[in-house]
Amino acid sequence: MAIIIGANFGYTVLAACGIALQCFITGISVVSARKKYNVAYPDNGGGRFADKLSDADWVAFNNIKRVSDNYSEQVGSVLCMLLAAGMFQPKIAAGFGAVYMLGRFVYGRAYVKKGPEARVYGAPLMGISFMGLVVTAVYNAALVTVFA
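Going by my numbering, the first residue of the sequence shown is number 1, and it counts up by one from there.
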């Protein structure tokens with residue numbers, strides 16, 4: 001059975017572009033934090049420049065950096081599952097992508113403002129939407145291969 005990618009796949013592509021843009025913007029926030037806290041490259045928050053920060057500034061910088069790092073760690077898996085699920089169910093996949101972006105936004109804002117404990121506000125949305133993408137991709141792939 002052939003997979004035909006229809007016009008609705010555009011919704012999936014838009015969601016993927018939104019996630020990629022959001023990840024990029026998260027990275028830009030680290031550049032701004034470097035300037036604000038005077039943490040030059042290649043220091044990632046634990047080196048010579050960061051050693052000169054007050055404890056509060058060190059935590060603030062590292063919270064911003066950690067949000068960006070976490071996004072970078074997950075974006076590859078999320079985009080792969082989004083595109084795979086979108087080949088079968090483009091609107092559903094795009095919906096999960098939008099929920100992921102919302103969860104990522106809430107996660108990032110809460111983490112930066114209140115610290116790592118506040119991740120719980122956005123993490124469930126990210127986790128549920130990612131698992132939704134995985135289930136959608138696996139279920140539909142199984143339908144066209146194993147159960148065809």
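Among the hints, erroneous ones may be present.
With a cut-off of at most 20 Å between alpha-carbon atoms, the simulated DMTMM-like pairs for lysine to aspartate or glutamate come out as follows [said to hold, decoys possible]:
#, residue 1, residue 2
1, K114, D43
2, K114, D55
3, K91, D55
4, K52, E73
5, K52, E117
6, K36, E73
7, K113, D69
8, K36, D57
Calculated directly from the structure, the hints in this document are not laboratory data.
Output the numbers, in ascending order, of every earlier hint that fails for this structure. Result: hints 1, 3, 4, 5 and 6 break, sorted rising.
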